[in-house]
Amino acid sequence: KNQVEQSPQSLIILEGKNCTLQCNYTVSPFSNLRWYKQDTGRGPVSLTIMTFSENTKSNGRYTATLDADTKQSSLHITASQLSDSASYICVVSLSGYALNFGKGTSLLVTP
Amino acid sequence: DSGVTQTPKHLITATGQRVTLRCSPRSGDLSVYWYQQSLDQGLQFLIQYYNGEERAKGNILERFSAQQFPDLHSELNLSSLELGDSALYFCASSALLAGGATGELFFGEGSRLTVL
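One line per chain: the protein sequences are L and H, in this order.
So the number in my numbering is just where the residue sits in the first sequence, counting from 1, plus 28.
So the number in my numbering is just where the residue sits in the second sequence, counting from 1, plus 49.
Hint data in this document are derived by calculation from the structure and do not stem from the laboratory.
As the structure is a prediction and not an experimental result, all values here were calculated from the model.
The beta carbon of each residue, even a glycine, is placed where N, CA and C say it ideally should be.
Be careful, since some hints might not be right.
Stated by the list, open to error - Once the Cα atoms are required to be at most 16 angstroms apart in a straight line, the calculated EDC-like pairs of lysine to aspartate or glutamate come out as:
#1 H:Lys106 / H:Glu124
#2 L:Lys99 / L:Glu82
#3 H:Lys58 / H:Glu153
#4 H:Lys58 / H:Glu158
#5 L:Lys131 / H:Glu124
#6 L:Lys85 / H:Glu153
To be verified - Far from chain L, some chain H residues (derived; all Cβ distances over 10 angstroms):
#7 Ser51
#8 Thr56
#9 Ala63
#10 Gly65
#11 Arg71
#12 Asp78
#13 Gln90
#14 Gly91
#15 Leu92
#16 Asn100
#17 Glu102
#18 Arg112
#19 Ser114
#20 Leu137
#21 Ala141
#22 Leu165
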């Protein structure tokens, strides 16, 4: 069983709408949690990195939240744009160097 | 531009053949990671090197091997290729944070391998 679970697996929204992607993890001890955006056929690009002591971090229209007690994180996208269509990957870093990748949420923003 | 360079971008070869993928990390990054991404699948961790030494190993097949050279570039060697090896292969690099935690990962644009 994957230790980092993302939901939904895929999502379709209208341009201009907001959406929230979820990430639940079971790995420990936890060091930091990252969200990446991966355009089709391209390398992932970092959106946010949060340590266990941070509960929110923003990067433009992207806001990530973290609840280390419930081991849940969310990525909120505000006023979506067509260019937001991509796969969003949650990655949990253990203390040390190990990284655990979720399978990603595929987001499609339609006109 | 992430600063991580991967070559070749595309590669088409036949089953049973051997290929080498190359990665130049971001300037100053000592850690290099290799990932495999098959069609519509998530990123699968293969192997990590830190300053020339193997640091961690994931789901890497015995037919695959990698190394990191003194100039910090890395190569992933794939041999006895099978149809199922067709995938995007990504290299990423990072610095290490205080305490040994992995810093931000910077990914290359990937090498797309097609095995016919």
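Evaluated hints:
no.: 1; hint: H:Lys106 / H:Glu124; verdict: 15 angstroms, holds
no.: 2; hint: L:Lys99 / L:Glu82; verdict: 13 angstroms, holds
no.: 3; hint: H:Lys58 / H:Glu153; verdict: 23 angstroms, violated
no.: 4; hint: H:Lys58 / H:Glu158; verdict: 8 angstroms, holds
no.: 5; hint: L:Lys131 / H:Glu124; verdict: 25 angstroms, violated
no.: 6; hint: L:Lys85 / H:Glu153; verdict: 15 angstroms, holds
no.: 7; hint: Ser51; verdict: 6 angstroms, violated
no.: 8; hint: Thr56; verdict: 14 angstroms, holds
no.: 9; hint: Ala63; verdict: 23 angstroms, holds
no.: 10; hint: Gly65; verdict: 26 angstroms, holds
no.: 11; hint: Arg71; verdict: 15 angstroms, holds
no.: 12; hint: Asp78; verdict: 13 angstroms, holds
no.: 13; hint: Gln90; verdict: 8 angstroms, violated
no.: 14; hint: Gly91; verdict: 4 angstroms, violated
no.: 15; hint: Leu92; verdict: 5 angstroms, violated
no.: 16; hint: Asn100; verdict: 12 angstroms, holds
no.: 17; hint: Glu102; verdict: 12 angstroms, holds
no.: 18; hint: Arg112; verdict: 22 angstroms, holds
no.: 19; hint: Ser114; verdict: 20 angstroms, holds
no.: 20; hint: Leu137; verdict: 7 angstroms, violated
no.: 21; hint: Ala141; verdict: 8 angstroms, violated
no.: 22; hint: Leu165; verdict: 19 angstroms, holds
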